[in-house]
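Student: Each chain, letter by letter, is given below.
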Amino acid sequence: MYRQYLVKRILYGIVMYVILIFVFSLLFNATSEQTARSQIEEEVRLVGASLVNPTTEQVTRITEERRTELYRMYHLDRSLLERVFYRTWDTLTLRFGNSTIIKSSRGDREVGKIILEVIPRSLILFTTAVFCQLLIGLFLGLKKAQRAGGLLDRTTSVATMVVYGMPSWWLGMIMIMFLVYGIPLFPSGGLHSSPPPSGFLYTLDLFYHMALPLLTLLLIGSWGLSLLTRNIVLGVLQEDYIMAARARGLPERNVLFGHTLRTSAPPITTIAILSLLGSVSGNILFEGIFSWPGMGNLYWVAVEQNDVPVLMGLLSITTGLYICGLVLLDLIYGFLDPRIKVGGKA
Amino acid sequence: MNGGRLLYWLKDFWSEFRKVKSGLVGLAFLLLFLLSVVLEPLLIPFPETNKRWSDITYWDENPRSAPPFWTNWFTGKKSAVTERIRSFKAEERQSDGVTLRNLTFPYEDSFEYPPYDLIVHFSGKGSVPFLVALQRPDGEALELIRAQADLTEGEDFHVSVDKEARDAVMEYVRSKESEEAMSRLNRSALVPTEMIFAEAGPGMAAKPIALKGNYRVIVTLMILPDAEVKDPFLVVSGRVSGILGTDSSKRDIWSGIVAGVKWALLIGLLTAFVSVSVGVVYGIMSAYLGGWKDSLMQRIFELFISVPLLPILIVMSAVFKPSIWTIIVMMCAFFWVRPVKTVRSMALQIKEETYIEASRALGAGSGRIIFRHMVPLLIPYAFAVMALDVPSAVVYEATVSLIGLGDATIVTWGQILRGALTGGAVLGGLWWWVVPPGIMIALMGMTFAFVGFAMDKILHPKLRTR
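Chains as they are written, first to last, in the working numbering: chain A, 2 to 347; chain B, 457 to 922.
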């Protein structure tokens, strides 16, 4: 049953992705083509300049040939709908073309390679952050639920609301200003010191550079998670079987960790993964502040250099990752919630 | 829902809302924000902030990167504060049809660090030769500027001591200093105000010591019969300036922050209102219509939630170069999905109520049932979602502005932070430029979070106690 659900959900996610990429291709068609055309003109001009002792006629003929060839290669000679379909297909097969300015650290100008290089760096920062957030949030949430309306509950609830509308990148700016330039405790940014140390020191150096962004993300993210955990746990605590468990004389720890947490697991997992997705989507500019060379930083650079192919590639990959997350969420949810597992109804 | 019932419902809601303390705090903040929008012209010292925020000439009189005036309270050595002196003593003397008018502006200098600049302003018409002199507390008087103002009607004329009095001040220092010190003094490195507010004598060029006391700036105007001079005033451009200081382009941050309130409210409220309205109606329709229409609507909904919001906003802004209105439209296009899921499940329950069946039996169309019988029931929930959507809209706009894709023609907190980031405020520790806009964003978020969570508490009384 679960396998059927799994296959169905994954297929559904793929269809969703294909449709979205098609919509993006249609929406940004004009800009993408404009960039492609100017890239072709650039290349044609180079071909023209590289000829040895050319006559004018020769130059026109050869550049014209080259141009038609390139137009055919990029499918620019087709009708609008066909062009959009070809672009969709190219994007789906990860052929994003070449960037206009940005290069990867190895000097590649292929957008796919540029992006693949930065993804792990973003993932390491955000997964660590979400993992820590989850631990803190769960712990705080349970504590809050245990004494709902108590001092801890009230103070942390106020904290939740204080950071509710606070942009993470702003807190990052403040942290850098006071903890890097004010009191030099942390490095100002980047992935590692230059030159990077080797061996175990390399890892240590990485963590040292990760500390401040991580701290900022935790300060922003943990409160909301703890409030949601609290609300879910409080909801479960009012169920009859909890009362029954208490009536049986089970210790409070057992009630809380055994009975309550098991039932609260699906919604809490949802929130955890949604917050991971949220941080991929919502905190991307955060990386730019800390010069953390991940995807967010690449967005930043691509916008500043107006590098359209890189932006398009980033958008489709971010969307892909986001949909992967949503699918994963449903799969885990189905796994944790027996009703879905057995019923097989999505 | 007719008027009477609405009033009753509001009263009922208020009596519940009153009990939630955090909600009242939020409401108080909201009123403060609204009040600051209404009183904006009274609150900001620079009336043309909204129109000329990015016009450098408008801000020329402020000092560059100056901290707020109240930083003086925490330091031992005080810095001169920016101020406008409008009170003066006027004396007039007539001779041969020419009026000689003497304007004396008193200035009390009690600071260790003198102001950066003195700027004399007046307007009127015709050519007016004038003279600016300074009467010092030690009895010395020095002539700073002697020039002619060509005035045009309706335009302000100003003259800056820092720019125009360099030579005169150089001469003054030469009369006090030793030959050797003068040879070491670089003309372009000389700060005129440091010299004229310093104790006279050898050593003043290298290490000026502030001379405190009552100064008088005397402006002598020679007004010919056909000329006219109006509203003179003196601007003292201090080392500390305004309620929140100035940025590296000399802009007054307090004015920018206050001017940003209305944009934040507009962006937040408009986006939240439009998107939640659309989302609620969409959710109800999906639930009520059912069948293949429901399936189709759910698929479209799922398509929208599969899009990562900030990336698409950034790419769309980068491609379409939007104004603030298009940014709001773009945000609405992706925000409406938020209430759909909950609304749909609530509407599925409401749909089965007998009174819905009854009105259908009476021949009511789906439009009537949805808008007359189902939407009103979900309005409280819609308001709670709306309140919680406002902060995210404000943050998203600020984020898009931060990366440089916002509407640069208006003053939003995001634009100010963009300026701070590109202007090196983080590196230079100009905290008065970075902290306030963010605090305001957070404060607005907090305000609506308080209101929203309070509504949530009323709607879900289960969560109040264990």
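Hints in this document: simulated from the structure, not taken from any laboratory.
Treat the hints with caution; some may be incorrect.
Stated by the list, open to error - Listed next, the in silico DSS-like pairs over lysine-lysine satisfying Cα-Cα at most 27 Å (straight line):
1) B/913 - B/507
2) A/9 - B/534
3) A/144 - B/913
4) A/9 - B/797
5) B/534 - B/668
6) B/807 - A/144
7) B/777 - A/144
8) B/777 - A/104
What the hints assert, rightly or not - Computed footprint of chain B on chain A; a stretch qualifies when at least three of its residues, placed anywhere within it, have a C-beta under 8 Å from a C-beta of chain B:
9) 45 to 58
10) 313 to 319
Claimed, not checked - Looking from chain A toward chain B, a few residues come up when the C-beta cut is under 7 Å (computed):
11) 17
12) 19
13) 23
14) 29
15) 71
16) 177
17) 286
18) 304
19) 306
20) 323
21) 324
Since this is a predicted model, take the numbers as computed values, not measurements.
Built from N, CA and C at the ideal position, the CB exists for glycine as well.
Student: Please go over all the hints and tell whether each is borne out by the structure.
Tutor: Here is what the structure says about each hint:
1. With a CA separation close to 42 Å, the supplied pair residue 913 of chain B and residue 507 of chain B exceeds the 27 Å bound.
2. Of the pairs offered as hints, the one joining residue 9 of chain A and residue 534 of chain B is violated, with about 72 Å between alpha carbons and a cut-off of 27 Å exceeded.
3. About 20 Å separates the Cα atoms of residue 144 of chain A and residue 913 of chain B, which keeps this hinted pair within 27 Å; it holds.
4. In summary, the hint linking residue 9 of chain A to residue 797 of chain B is supported, as the alpha carbons are separated by about 21 Å, within the 27 Å threshold.
5. Straight-line distance between C-alpha atoms of residue 534 of chain B and residue 668 of chain B comes to about 11 Å, which keeps the hinted pair within the 27 Å bound.
6. Annotation: proposed proximity of residue 807 of chain B to residue 144 of chain A is violated, straight-line Cα distance about 39 Å (limit 27 Å).
7. Proposed proximity of residue 777 of chain B and residue 144 of chain A is contradicted: the alpha carbons are some 48 Å apart, above 27 Å.
8. Under the criterion of a C-alpha separation no larger than 27 Å, the hint pairing residue 777 of chain B with residue 104 of chain A is consistent with the structure, at around 25 Å.
9. Residues of the stretch 45 to 58 of chain A with a Cβ under 8 Å from some Cβ of chain B number 0, which does not satisfy the need for three, so the listed coverage is violated.
10. For the stretch 313 to 319 of chain A, the assignment as covered by chain B holds, since 4 residues bring a beta-carbon within under 8 Å of that chain's beta-carbons and 3 suffice.
11. At about 5 Å, the closest approach between the beta carbon of residue 17 of chain A and any beta carbon in chain B falls short of 7 Å, and the interface hint on this residue holds.
12. This hint is violated: residue 19 of chain A has a C-beta 11 Å from the nearest C-beta of chain B, more than the 7 Å allowed.
13. Given the 7 Å rule on beta carbons, the hint for residue 23 of chain A is violated: about 11 Å separates it from the nearest Cβ of chain B.
14. Of the supplied interface hints, the one on residue 29 of chain A holds, with its beta-carbon coming within about 6 Å of a beta-carbon of chain B, less than 7 Å.
15. Nearest Cβ of chain B to the Cβ of residue 71 of chain A: about 23 Å, over the 7 Å cut. The hint is violated.
16. Evaluation of the residue 177 of chain A hint against chain B yields a held restraint, the C-beta minimum of about 6 Å falling below 7 Å.
17. The beta carbon of residue 286 of chain A comes within 6 Å of a beta carbon in chain B, closer than 7 Å, and the hint placing it at the interface holds.
18. At about 5 Å, the closest approach between the beta carbon of residue 304 of chain A and any beta carbon in chain B falls short of 7 Å, and the interface hint on this residue holds.
19. About 11 Å separates the beta-carbon of residue 306 of chain A from the nearest beta-carbon of chain B, more than 7 Å, and the hint is not met.
20. A cut of 7 Å between beta carbons decides the hint on residue 323 of chain A: the least distance to chain B is about 4 Å, and the hint holds.
21. Restraint check, residue 324 of chain A versus chain B: the minimum CB separation of about 5 Å is within 7 Å; hint holds.
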